[in-house]
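Residues per chain are reported as follows:
Protein chains: 2
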Amino acid sequence: MRSKILALVLASLSFAAHSQDIKKLVDDYLNLNGVQVLNRYRALLAIPNVASDLPNITKNADYIKSRFEAAGVEMKLLTLPDTPPIVYGYIPAEGATKTIAFYVHYDGQPVDKSQWSNDPWQATYYSEAMFNGGEVIDFPRVAQDIKPDHRIYARSASDDKAPIISLLTALDVMKVNGLAATSNIVFFFEGEEEAGSAKLRQYLQENRSLIDPIDVWLFCDGPTHQSRKPQLVFGVRGVTGMEVTVYGASRPLHSGHYGNWAPVPGQMLAQLVASMKDAEGNVLIEGFYDDVEPLKRSEKKALGAVPAIDEQLKQELAVADPEGTEPYSERLLLPSLTIRGLSSGNTGALARNVVPATATVSIGLRLVKGVDPEKQKDLVEAHIKKQGYHIVREVPDIETRRQYPKIALITRGGGYPAARTSMDTPIAKSIINRAKTVAGEDLVLLPTLGGSLPLYLFTDMLDKPAIIVPIANYDNNQHAADENIRIGNLWYGIKLMTALMTME
Amino acid sequence: MRSKILALVLASLSFAAHSQDIKKLVDDYLNLNGVQVLNRYRALLAIPNVASDLPNITKNADYIKSRFEAAGVEMKLLTLPDTPPIVYGYIPAEGATKTIAFYVHYDGQPVDKSQWSNDPWQATYYSEAMFNGGEVIDFPRVAQDIKPDHRIYARSASDDKAPIISLLTALDVMKVNGLAATSNIVFFFEGEEEAGSAKLRQYLQENRSLIDPIDVWLFCDGPTHQSRKPQLVFGVRGVTGMEVTVYGASRPLHSGHYGNWAPVPGQMLAQLVASMKDAEGNVLIEGFYDDVEPLKRSEKKALGAVPAIDEQLKQELAVADPEGTEPYSERLLLPSLTIRGLSSGNTGALARNVVPATATVSIGLRLVKGVDPEKQKDLVEAHIKKQGYHIVREVPDIETRRQYPKIALITRGGGYPAARTSMDTPIAKSIINRAKTVAGEDLVLLPTLGGSLPLYLFTDMLDKPAIIVPIANYDNNQHAADENIRIGNLWYGIKLMTALMTME
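Each protein sequence line maps, in turn, to chains U and H.
So for the first sequence, the working numbering puts the first residue at 100; every next one is plus one.
So for the second sequence, the working numbering puts the first residue at 100; every next one is plus one.
Only chain U is shown next, with the shape it has when bound in the complex (with noise of 0.2 Å):
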């Protein structure tokens, strides 16, 4: 009864919580604690998260649990051998009709600190983006020195840490202005995204009774939209690669004793990396384009009302000519092919006057609606083939290289499905509009990203709808060196995330 009386009360104050006021109810709150919020997020990415690295990145769970924990949430962890838990946390409401889910992963890339220009552990605070200028600052003291375009950089400032320290500032931002969750919350950390998600399936389907409750996924993570406008995204694009060894003679050769007579695997690499695409960018491989799902008409109206930004981009990433003739928002809507890596011998100073005995090409490939990544690798395999290529699953044996001219040995690697989302239910459209109180009328709709979450689990396994509530801004340099968060962002993150915790 108690309890009831408590909801009521709560409901009352929530109540007063409508559209405008939520803005202005967490610029509040950061004018007085900004700077308690930023050192709690240094805090958090000074552990470092590397999926693999399990005494890490157990710390990082420890720590989010104990920090909602702390919010006032009752948090567990979910957990399998081997693997990073999910850190799971439930707020429940009175007389919810809805239960909502935040997705977010706490775990980030693998670093080459080589390739950084701080620790990637240690975030470091800029007067704005590094590449308009920007220079170490030290993190603000007082909350008027923070700016919209200051910038922390750190492993995970962007992905996917910053949706954390939005939720658990807006839990605070709601405790200090008495506001109560209006749907039953359910907090879903994952700890191994950027590692592939492999026991992502297994942790949902252990955990029904958790899970079945969920009404909708929010999945905070990826960038807002190019042209800075924030954005929800009701797709992604499936992902998968394979990586290609080519072999030359059984050893390295000296390029004057056998250059002109020994295969250079190099060049042969670079024959067969050339015939899987034309000039432009299409992707030559027989059947690559066949399994794509056509767009629905609101997504197709949606996709029309998306700002242009090809000039934008083509300027500030500095692109003469982009893959490709159709805009970049309907290019994410094709499977795409990129070479992530190429490597034979040396470059640079370390070159030597040898022919290399092999080269490696690692496949970058994104799926979308429709196509299967083992199928989409088996047309690639199957274009290997037809350049002349014997496929081995091992490393060849000498017999072997004796025997056949061109050898690929082929490594597939895991990968996931496409997914999308109808915008035209209920909850869609709720979710739609309690964003744009806080993200404005032109809130952009998106009918997928361009990058890759397991949203499929969701989508199509469990059968919920899955929409993406992104905050980090699109130039953050995720998965390479000197990721960052702009602070604009951060601060809009906590904004949207109280919204949607307190929509009507």
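A few of these clues could be false.
In silico DSS-like pairs for lysine-lysine, Cα to Cα no more than 30 Å straight-line [said to hold, decoys possible]: (1) H/484 / U/413; (2) H/246 / U/505; (3) U/563 / U/197; (4) U/413 / H/485; (5) U/485 / H/413; (6) U/212 / H/212; (7) U/485 / H/485; (8) H/197 / H/485; (9) H/413 / U/484.
Quick caveat, the hints were computed from the structure, so don't treat them as lab data.
Mind docking chain H on chain U? Use the hints.
Chain H alone, transformed into the frame defined by chain U:
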């Protein structure tokens, strides 16, 4: 007067050393002194000899000078600031009509110790070649335990300290047998050949009084024929190279958000490299073969007598289908283009889902007689330009990158042209005949080596004949880890040097 009598006595003694005797004299000597020869060689190999390591390279020079002085040779160091010295020696021969110079280099390639089976600066003795299952054994303590298939593993064991110990031992053989040099002998030992012989030209020019009297240069370097037959070589290919970097967007991009739109440098580079050669390995760059100077009749005849080793090489090196359609020995008479290195992003465990910002290829070029190194690089550049590339010499700025869809940063390497000496001159014929006395009648006469040496300085700048007199086994892992010399080849080297210093 006294020295004239001595010379006559020596001449009459040396007359005893006719053809068939040299082999026996050396064999007899080694049956008594083989162990000492190996031990002396160990001491020489223990001094690290990377040209850039000036203190150690100077130790090598001092040590070699002192050993040759001990053998009775007038020695001196020719020096230039901050450069390894030339170890120069001279043996006057009374009544001699010609002066023969023995060129050797005492520096070696840098080592990557992690790639070696043993310490590269500690000679290790093997029962036979590692690749044949040879095992580490103690250095023999009695000469009868030394077998021709034994090998010494150490940096420069073959390339190029082997001729130094051979010459030193040959002097001792001559001394104990009372043989005198029949030509004036010059020793000219270079200390930065593997680093590019940057000062060799200057050394030759600044020491004209020592250099001008030389009638023929014998280059003691490189391997014997792959058929394991001894050989003399009358030319070398020239060498040069270049590095080409192509550009995508101004920074690495997320392959999801930009894959299909961002230019992919690895793809562009593959297309560029693929355009340089056809599927058979023939270079498609316009004019690449235009300046090749045709072979003379004697060279063609010699080439016809070179043992075919194609099948043997294909087996040994596990090459099912070599480049080109001509036999191996003819392929070396063409200029070559090989991919020494490729790099873009990462492959293997470090591969990430990014579209890298650049891709780089290191191109090795080998040149033959008639082909100019600078012009050859010009042709490659012209080809790159023809593929639509805007060529730059420094990392392009953002404006340049915005303007040009295809940009290639080209760094041209140094290098030098090919050289070829006639087989038809009297002095060439004398040397061929003398070498046959220890090498046998099936001595291979090769118009050109596939590898490179700065022979053009001698043939073109000094206008003197230059003949390569190799002794090392061809499978010596030259320039790579686990470099080695086969004992049988070292013993052959001693015989050959003794024969050449005492030729009629």
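- Given the hint that residue 197 of chain H pairs with residue 485 of chain H, test it: the Cα-Cα distance must not exceed 30 Å. violated, 53 Å
- Query: Is the Cα-Cα distance between residue 485 of chain U and residue 413 of chain H 30 Å or less?
  - Reply: Given that 30 Å is the threshold and the Cα spacing comes to 24 Å, the pair holds.
- Is the Cα-Cα distance between residue 413 of chain H and residue 484 of chain U 30 Å or less? Roughly 23 Å between the alpha carbons, so the hint for residue 413 of chain H and residue 484 of chain U holds.
- Query: Regarding the pair residue 246 of chain H and residue 505 of chain U, is the alpha-carbon distance no greater than 30 Å?
  - Reply: violated, 40 Å
- Item | Pair hint outcome, residue 563 of chain U versus residue 197 of chain U [Cα-Cα no greater than 30 Å] | Holds: residue 563 of chain U and residue 197 of chain U sit about 13 Å apart, inside 30 Å.
- Message: Check the hint pairing residue 485 of chain U with residue 485 of chain H against an upper bound of 30 Å on the C-alpha distance.
- Response: holds, 29 Å
- Message: For a C-alpha distance cap of 30 Å, please report whether residue 484 of chain H and residue 413 of chain U respect it.
- Response: holds, 23 Å
- Query: Under the criterion that the straight-line Cα-Cα distance not exceed 30 Å, is the pair residue 212 of chain U, residue 212 of chain H satisfied?
  - Reply: Status holds; Cα separation ~24 Å.
- Given the hint that residue 413 of chain U pairs with residue 485 of chain H, test it: the Cα-Cα distance must not exceed 30 Å. Holds. Residue 413 of chain U to residue 485 of chain H sits at ~24 Å (cutoff 30 Å).
Taken one by one, the earlier hints fail for this structure at numbers 2, 8, listed in ascending order.
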